[in-house]
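Q: Below, each chain spelled out in residue letters.
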Amino acid sequence: MYTYLIEPFVEMFEAPDFLMQVLWEGLVSGVLYALIALGFVLIFRSSRIFNFAQGIMVVFAALTLVGLHAAGLPAWIAVAATLGVMFLLAVTVERVVLRPLVGQPDIILFMATIGITLFLIGFGEIIFGGENKAMITSELGIPTGDVVLEPFGGLLILQKLDMTVVAVAVILVGALLAFLNFTRMGRAIRALGDDHQAALSVGISLQTIWVLVWFIAGVIALVTGIAWGARAGVSFALEVIAYKALPVLMLGGLESITGAIIGGLMIGMLEKLFEIYWGQPFLGGNTETWFAFVLALIVLLFRPQGLFGERIIERV
Amino acid sequence: MLYRTAGQFKTSYTADQALFPVRQDAVLLGIILVLAWVVLPLTASEFAFQTLLIPILIYALAATGLNLLTGYAGQLSLGTAAFMGVGAYACYKLVTLMPWLNPVVAILLSGVFSAGIGVAFGIPSLRIKGFYLAIATLAAQFFLIWLFEKWAWLYNYNASGAIQVPNLDMFGLWVAGPQAASATQYFVVLAVVTLMTVLCINLTRGTLGRTWKATRDMDIAAELIGINLMKSKLTAFAISSYVVGVAGALFVFMWRGAAEPNLFDIGLSFRILFIAIIGGLGSILGNYLGAILIVGLPVVLNVVPEALGLHISSATVEHLNTMIVGSLIIFFLVIEPHGLARLWTLIREKLIVWPFPY
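Order-wise, the sequence lines are chains A and B.
Heads up: the first sequence is residues 3 to 318, going by my numbering.
Heads up: the second sequence is residues 610 to 967, going by my numbering.
FYI, nobody ran anything at the bench for these hints, they're computed from the structure.
Careful: at least some of the hints might be erroneous.
[What the hints assert, rightly or not] Computed list of chain A residues with no C-beta within reach of chain B, every gap over 10 Å:
| hint | residue |
| --- | --- |
| 1 | E9 |
| 2 | P10 |
| 3 | V24 |
| 4 | L25 |
| 5 | W78 |
| 6 | L90 |
| 7 | V149 |
| 8 | I159 |
| 9 | L163 |
| 10 | T185 |
| 11 | M187 |
| 12 | D197 |
| 13 | V213 |
| 14 | L256 |
| 15 | P283 |
| 16 | G286 |
[What the hints assert, rightly or not] If you want a taste of the chain A side facing chain B, the calculated C-beta under 10 Å gives, among others:
| hint | residue |
| --- | --- |
| 17 | V99 |
| 18 | L103 |
| 19 | P107 |
| 20 | L120 |
| 21 | G124 |
| 22 | F125 |
| 23 | E127 |
| 24 | I128 |
| 25 | A177 |
| 26 | N288 |
| 27 | L297 |
| 28 | L299 |
| 29 | G308 |
Quantities reported herein were computed from a predicted structural model and do not represent experimental measurements.
All C-beta atoms in this analysis are idealised placements derived from N, C-alpha and C, irrespective of residue type, glycine included.
Given the sequences, and given the hints that come with them, work out the whole structure.
A: Okay, here's the thing in structure tokens:
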């Protein structure tokens, strides 16, 4: 009992610098989970579509960027061109998939987004190939190297790259919240999320908003793709992080932007803590694959709509 | 013309509710059964057995299991592959611990274990609904796969970490393992699948099936008319996982011959969900139509470029497959969101009144 329940905490207190290192690593992956979850939440709020393709859009955006750069475009023009591709993708998805399926049950739309996922995987592999590619980090002017701090007489190494990621994520979320709250378009998105029929009747165009929302999700995907790609390289192996965004959504609630962010950070840090202090010593490691899901499941047993989700009111 | 129902009168409620209200349905099913039991085994090649017939049956059975849960009881699950894994690993432990056990009995017993695990992971469904539940079943998916990898007892402490199907005989015939003939395995699979399908069809037509449908359509209303939701949801999880577990045992023992944890990854779960949805949720026939499409399509796609004289590398073919399967899913969802089974229902209705429009 002592070994499982007390000792890990003793270790944490004995080496606070190591604990901070673990938390920092967890925080950075948490930021990335939160970004992916944010894409999900935006699409879910405005159209009730559970967009499974968000994770693969991350990979696809990153691959397009790297591919365009390899084809000879300067880095920033490649970014602009990738944004163009994501816009095209949003328009195509709206035209080909969503428009004919308006009003179908949720599960049908969910399956359609899995169809999109498969299509993008096949398409991306044919065009860009399956091998792992390096993200064009230095060309985009992202600082590399580390900052070494010495808290409590210990050692704490922060990658400059990770710090940039956190900063960019904060700016992105701030911009997004401002857009949703203070612009006409943003208010239209929220109106659609509240009530489709009412929004349509005051003249909000469903089609335009859907394209817009998918495009914003694409922009978030590109940022996430650059950040994650810089850490681990770009390949379709990245799609596993897409699954990580799902427990984040569960924990935070499907409709809540705050929930996505807090859920992402919580899961990122807790799963790292569990892996380092319990998973590796007692369970044979690699617990990160399921810890987030089990944690979310336990939380959900007590709050079925997630920590920040809208309260589910059922009428007969 | 072929489906004319003139002259078939129903004189009692029982006759009206019979399994085959139209005689031609029974005849059609008879033809299909003769085809499956006699004609195909006599004519099929080794290649056809291994790439088409056996996998179609096994996938259809797994999809039937999922359909009981998702299509009939309305509980969306993304953890099917993990429950198949439980069935396969349970079967492996059964035959290695008790080598004298009849393999078919072992396969049928292994479903009991996945049913137990299914109920355990089904308990959250009493509080969690919709997409939240779907993500919750992913917990089963990832946790069980991790367990298959880390719990060495499950694979008898093999160095490879994979399970290898031993040679198993039944009445002097090899039915599993490297020595078994494909035709024998086909008959075993067919027998089990036929049995389970008959059971499932009758289950969904009976009290339990109707309870499930009521739960699916609106659970609060179902509760108000006196349905015990806990019983209804947990039986759905138990029976669905049982069928899925048996399918998993067949998957490894009658088809793959060996398995490692990654075989049961989330991709397999999704493939089975496609089969159930493209075939039609809430239909047993649909699972077969969906399985034929999903299993048959890659085979066709592999053959077509060769036949046209195009030479494409196998990796490209695989990626093309993924792409085409993805687009086909969207295509079928757009033309008929209720699946291939609904298409067949529509065709059948047209045939009955043909040549008149109604």
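Q: Identify every previously stated hint that the structure contradicts and give their numbers, smallest first.
A: 14, 16 and 25
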